[in-house]
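> Using the sequences and the accompanying hints, generate a full structural model.
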Amino acid sequence: MRKRARLRSALPPALGCAAVLALTAGCATASASGAAQATAHAKNGPVLKVDAHSIPGLGTVLVTAQGYALYMFQPDDDRSVSCTGACAGTWPPLMMPSGGVVTAGPGVQQTLLGSDPDPTGGRVATYNGWPLYTYTADIQPDQATGQNLDLNGGEWYVLKPSGKPLVPAP
Amino acid sequence: MTDLVSRRAALLAGGGVVGGAAAASVGWALTGGSASAVTTAASAPATAVIPPDDDLMREHGVLKRVLLCYREMITRSGDGGLLNAAHVQDAALIIHDYIEGFHEGLEEGFVFPRLRQAGGSLASTVDTLIVQHARGRVITQFLLSHATAGQLASPGMRGRIAAAMQSFDRMYEPHEAREDTVVFPAFRTLVPPAELAALGTHFADLEQQQFHTDEFTAMVNRVAGIEQELGIYDLTQFTPVVTQYEPSE
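Chains as they are written, first to last, in the numbering used here: chain A, 1 to 170; chain B, 1 to 249.
Hints are not guaranteed to be accurate.
[As the list claims (entries may be wrong)] Label pairs and their computed distance ranges (CB to CB):
#1 A:Ala169 - B:Asp169: 31 to 37 Å
#2 B:Gly81 - A:Ala65: 51 to 57 Å
#3 A:Asp77 - B:Ala163: 44 to 50 Å
#4 B:Arg135 - A:Gly59: 20 to 26 Å
#5 B:Lys64 - A:Gly57: 20 to 26 Å
#6 B:Thr217 - A:Ala169: 38 to 44 Å
#7 B:Gly80 - A:Ala65: 53 to 59 Å
#8 A:Gln140 - B:Gln237: 42 to 48 Å
#9 A:Pro56 - B:Pro155: 31 to 37 Å
#10 A:Ala65 - B:Tyr233: 51 to 57 Å
#11 B:Ala177 - A:Ser162: 41 to 47 Å
[What the hints assert, rightly or not] Partial list, computed: chain A residues near chain B (C-beta under 8 Å):
#12 Gly85
#13 Ala86
#14 Gly89
#15 Leu151
Just so you know, these hints were derived from the structure itself, not from any lab. Glycine included, every Cβ here is placed at the ideal spot set by N, Cα and C.
Here's what the structure looks like:
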């Protein structure tokens, strides 16, 4: 009986992030909450950093450079950005800076970092193949209020530095 | 349910809506389309688009009707009646799939960031609204997980389910009222009319892409069905008899 809406993107590229940003000054990655991507400009262009940090009740998980928890979305099936549109309003993807790179902070494995194309434009940083997202409701660092939430068509989990989702025991 | 008005019908009616041709031209211009593309879009047959804040308020109407369903179920439970698992599940699924899985995403992605950027007291209001969204999702997940026929046989679980619905109602009644009367009007003052029109078009596109149907109308029909099951659909039953209040001669 339970309906699980699949949120595959059908957004035309023309109405992608840049256009939305122009419309609202609040595109997913620049969204509220301070959970926006962490970028710094290095010699070779902007750098997006992924860190690991201990969050109370969960242990050490991946976070942005500002300490906001990073999540994986089960329907992404390990390498496919499927949270777009309204979903990305709630779960802003961790967008790669244009022409930049993603680097690992202490405790994070550089070899597991990568990126996948966002159907609406740009690229989303990945870890162990999972596209990374923040949660709008984490309005402060060191929170993970979206952990183990069933929303927007699937389950959301934080990621351990090993690259495995933190799935609670049944 | 003959009184239901479809979104498409509202779009075509054009009353109180923004011209779609203007919206189309803005959309093209924003996306870097060529001048000819803009001209083509602007000269297309005029359709009408619901402004984004109006659209969100219509969706609040669906939320309000689910809150009324929850309230009816809470009242029955308090009177010693049984909670019907199917009613709770159906109502919670509307919240989960449409309000939390779509409507709130639009608010969080397109409305709240603009208000935060503007600063002032609305920024803290937005923080509260976002936290309330998150708490509501936890409650909805609890309802969907535990409002089963088996678990509702337990008086303890019935009490917990009723309390969860009560908390949800208590939070969302002021929440949506504040959005309708403060947040959305403020948003409208911040966004130029052309951008507002383009965003209305974008909202309609996102709904179509996510649901592939007129989901607003579908949700109105679904909640109306629950109201009928609960016996609260007929509006006339809520019209009070006022003879005792009439002026005495």
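> So, for every hint listed, does it hold in this structure?
Comparing the hints with the structure gives:
no.	hint	in the structure
1	A:Ala169 - B:Asp169: 31 to 37 Å	33 Å, holds
2	B:Gly81 - A:Ala65: 51 to 57 Å	54 Å, holds
3	A:Asp77 - B:Ala163: 44 to 50 Å	37 Å, violated
4	B:Arg135 - A:Gly59: 20 to 26 Å	24 Å, holds
5	B:Lys64 - A:Gly57: 20 to 26 Å	35 Å, violated
6	B:Thr217 - A:Ala169: 38 to 44 Å	42 Å, holds
7	B:Gly80 - A:Ala65: 53 to 59 Å	56 Å, holds
8	A:Gln140 - B:Gln237: 42 to 48 Å	47 Å, holds
9	A:Pro56 - B:Pro155: 31 to 37 Å	34 Å, holds
10	A:Ala65 - B:Tyr233: 51 to 57 Å	53 Å, holds
11	B:Ala177 - A:Ser162: 41 to 47 Å	46 Å, holds
12	Gly85	5 Å, holds
13	Ala86	3 Å, holds
14	Gly89	2 Å, holds
15	Leu151	6 Å, holds
Hints 3 and 5, counting from the list given before, are not met by this structure.
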